[in-house]
Amino acid sequence: MAQFRDSSQESERAREREQEQELVGEARPVDQSLVSETDDILDEIDSILEENAEEYVRGFVQKGGQ
Amino acid sequence: MQRRIFGIETEFGIRFAPRGLGQLSPEEAARVLFRPVVAWGRSSNVFLNNGARLYLDVGSHPEYATAECASLTDLVRQDKAGERLFEDLAEQAEDHLALRGTEGRMHLFKNNVDSAGHSFGSHENYLLSRRAEFSRLVRFLVPFLVSRQLVVGAGRVHPAGCPTAEAMTLEGGSYSFSQRADYVWEAASAATTRSRPLINTRDEPHADASQYRRLHVIVGDSNMSETTLLARAGMTDVVLRMIEDRVRLPDLELKNPGMALRAISHDSSGRGAVELADGRSIGALDLQREFLASARAHLEKEGSPRPEMPYVMDLWERTLDAVESGDASGIDTEIDWAIKKKLLDGAIARGRTDFSDPKIAQLDLAYHDINQHRGLFYLLQRKGRARQWVQESEIRTATEQAPPTRAALRGGFVDAARRAGLDHTVDWVHLKVNQHPGLSHTCQDPFAAQDPAVEESIRQMLASAPSVPGSAMPPV
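Those sequence lines, one after another, are chains A and B. Each residue of the first sequence is one higher than the last, beginning at 100 in the numbering used here. Each residue of the second sequence is one higher than the last, beginning at 33 in the numbering used here.
The hints are simulated quantities; they were obtained by calculation from the structure and are not laboratory data. Ideal placement from N, C-alpha and C gives every residue a C-beta, glycine not left out. Errors might be hidden in some of the hints.
[What the hints assert, rightly or not] Straight-line distance between alpha carbons at most 30 Å, and here's what the computed DSBU-like set of lysine-lysine pairs gives:
(1) B:K391 / B:K373
(2) B:K391 / A:K162
(3) B:K415 / B:K391
(4) A:K162 / B:K415
(5) B:K373 / B:K415
[Claimed, not checked] Residues on chain B that point at chain A, a partial pick, calculated with CB under 7 Å:
(6) G45
(7) D146
(8) A379
(9) A398
(10) R406
(11) G453
[Stated by the list, open to error] Which residues of chain B face chain A? A few of them, derived with a C-beta cut under 10 Å, are:
(12) R51
(13) G54
(14) E59
(15) G133
(16) R137
(17) F141
(18) S147
(19) H150
(20) L375
(21) K391
(22) D396
(23) L397
(24) G407
(25) L411
(26) R417
(27) P436
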């Protein structure tokens with residue numbers, strides 16, 4: 100299954116997402132407690148995961164198993 | 033049957049990520065990973081002192097099959113022991129490669145799908161009474177297996193464009209209960225890699241075939257969470273008991289189990305209707321509520337010898353309540369899909385992004401990295417956001433010690449033969465020292481942890497062994 104777009108589509112998509120977020124930024128409330136509770140953990144994760152997110156995911160290709 | 037043998041076979045995903053140049057294919061990475069195993073056992077398919085089997089499977093997946101476990105908690109210990117053994121091997125592989133100038137990370141993922149949509153499994157084995165009629169078993173078990181993902185699924189992020197999610201009119205990225213559901217197509221058959229069934233019908237009991245059947249369930253997700261794995265095996269155990277005891281169960285045969293599996297996985301409400309064979313339709317939550325109610329009634333009447341059962345039943349009910357109310361706060365340290373989703377929701381809120389973001393897909397995958405320093409499940413466990421069922425010391429012990437079943441005989445035999453320097457051939461039933469027919473045994477009873485003849489052979493081998501201690505495991 101081709102679940103990942105090629106990079107030009109991906110960056111196009113990212114731009115669209117930014118625009119969408121600017122549009123909805125005010126309207127969508129952010130759960131602040133969830134943000135702060137998870138902030139420390141996410142900071143730690145950023146330091147653990149060295150690799151670029153797309154490479155990390157896309158680089159994981161196997162042959163099928165059972 | 034009150035008593036039962038449980039076992040889990042886990043196929044791990046493998047990827048070597050070099051710091052610089054030096055990409056390895058999964059096959060090459062697996063070969064490096066198994067170097068110490070081959071040096072130890074002269075084969076990439078070995079039985080260990082803890083009774084388990086470690087091998088390279090179809091598609092170069094490193095695989096660990098737990099020893100026969102008679103208790104649910106032993107199953108959790110043995111399953112986690114497999115992770116620790118492969119974690120050690122992966123660290124050795126990184127060292128080996130670094131010494132040769134290729135630094136990088138050897139990732140082993142305990143999940144069920146890669147980025148190209150190849151799936152690999154977590155196969156459950158349940159020993160059943162031969163008296164349970166197979167067609168009846170399939171008829172009643174399949175609706176349970178199709179819907180239990182609400183409780184024991186490992187959760188999966190789908191980037192935008194996932195065909196199954198789009199078929200469910202979910203646009204953009206999404207999150208499903210199950211990793212495996214998109215790759216299983218029919219109720220029961222002998223196929224394993226094409227047109228995968230929920231239940232593999234291959235009948236190899238590895239025991240007295242007149243008494244037992246081994247049920248091979250291949251629809252499950254690999255679990256990181258100890259409590260989710262406990263629930264998966266415990267819930268399935270009690271449903272099997274009802275089928276074996278010929279309890280009157282509601283007839284919930286599904287019209288199309290494969291389609292229902294996917295529809296349920298991608299419907300976070302648990303309410304979407306799936307069709308039954310008799311033309312009615314029912315939601316996944318209601319399906320599970322039926323099984324939960326029958327299981328409760330059966331346990332109240334018949335009792336259970338398993339100390340874990342009250343917890344399993346409670347977690348089962350709480351998880352259905354969480355799906356129904358849309359509030360997972362009561363289970364989000366105990367159930368894989370909810371533990372992971374809490375992390376992802378936090379990342380989405382902070383990054384003001386959504387499930388189609390590659391960063392979110394990365395967190396999903398990294399949750400399943402078995403390395404305790406960089407795997408996100410283990411990070412969450414250290415923060416108290418993933419409940420432990422067993423102590424780390426128990427898991428370490430389980431890497432070397434077999435559970436009190438036939439596995440203990442096998443483990444003792446393997447250890448003694450190695451210490452004595454004798455060539456041996458072992459499988460789930462047979463223990464054989466090549467060229468010494470007198471030291472060969474057939475163990476048909478998987479519950480029997482003792483056998484005087486096997487123990488005598490072990491004594492003889494140990495008596496002839498040099499006093500240097502043998503290495504229990506692939507050298508770590």
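Hint check:
At most 30 Å may separate the alpha-carbon atoms for a hinted pair to count; K391 (chain B) and K373 (chain B) meet this at roughly 14 Å. With a C-alpha separation of about 24 Å, the suggested pairing of K391 (chain B) with K162 (chain A) holds against the 30 Å cut-off. Note on K415 (chain B) and K391 (chain B): the hinted pairing holds, with a Cα-Cα distance of about 21 Å set against a maximum of 30 Å. With a C-alpha separation of about 34 Å, the suggested pairing of K162 (chain A) with K415 (chain B) is violated against the 30 Å cut-off.
Simply put, K373 (chain B) and K415 (chain B) have alpha-carbon atoms about 16 Å apart, close enough for the 30 Å limit, and the pair holds. The restraint placing G45 (chain B) at the interface with chain A holds, with a minimum CB-CB distance near 6 Å, inside the 7 Å limit. Interface restraint check: D146 (chain B) against chain A, minimum CB-CB distance 5 Å, threshold 7 Å, status holds. Using the Cβ-Cβ criterion of 7 Å, the hint placing A379 (chain B) at the interface with chain A is satisfied: the shortest such distance is roughly 6 Å.
For A398 (chain B), the suggested interface contact is upheld, since its CB lies about 6 Å from the closest CB of chain A, less than 7 Å. Hint status for R406 (chain B) relative to chain A: holds, with the closest Cβ pair at about 5 Å, below 7 Å. Because the closest C-beta pair between G453 (chain B) and chain A is about 35 Å apart, greater than 7 Å, the hint is violated. A distance limit of 10 Å between C-beta atoms decides the matter here; for R51 (chain B) the minimum to chain A is near 8 Å, and the interface restraint holds.
With a cut of 10 Å, the hint placing G54 (chain B) at the interface with chain A is violated, because the nearest CB-to-CB distance is about 13 Å. Using the Cβ-Cβ criterion of 10 Å, the hint placing E59 (chain B) at the interface with chain A is satisfied: the shortest such distance is roughly 8 Å. Interface restraint check for G133 (chain B): the shortest CB-CB distance to chain A comes to about 19 Å, outside 10 Å, so the restraint is violated. At its closest, the beta carbon of R137 (chain B) sits 8 Å from a beta carbon of chain A; the interface hint therefore holds under the 10 Å criterion.
With a least beta-carbon distance of about 7 Å to chain A, the hint placing F141 (chain B) at the interface is held under the 10 Å criterion. For S147 (chain B), the shortest C-beta to C-beta distance to chain A is roughly 5 Å, which falls under 10 Å, so the interface hint holds. Nearest Cβ of chain A to the Cβ of H150 (chain B): about 4 Å, under the 10 Å cut. The hint holds. The closest approach between the C-beta of L375 (chain B) and any C-beta of chain A is roughly 7 Å, which is under the 10 Å cut-off, so the hint is satisfied.
Contact between K391 (chain B) and chain A, as hinted, is supported at the beta carbon level, the nearest pair being about 4 Å apart and thus within 10 Å. Interface restraint check: D396 (chain B) against chain A, minimum CB-CB distance 8 Å, threshold 10 Å, status holds. With a least beta-carbon distance of about 6 Å to chain A, the hint placing L397 (chain B) at the interface is held under the 10 Å criterion. Residue-level restraint check for G407 (chain B) holds (minimum Cβ-Cβ distance to chain A is 9 Å; threshold 10 Å).
For L411 (chain B), the suggested interface contact is upheld, since its CB lies about 7 Å from the closest CB of chain A, less than 10 Å. Against a cut-off of 10 Å between C-beta atoms, the interface hint on R417 (chain B) holds, since the closest Cβ of chain A lies about 8 Å away. With a least beta-carbon distance of about 29 Å to chain A, the hint placing P436 (chain B) at the interface is violated under the 10 Å criterion.
Taken one by one, the earlier hints fail for this structure at numbers 4, 11, 13, 15, 27, listed in ascending order.
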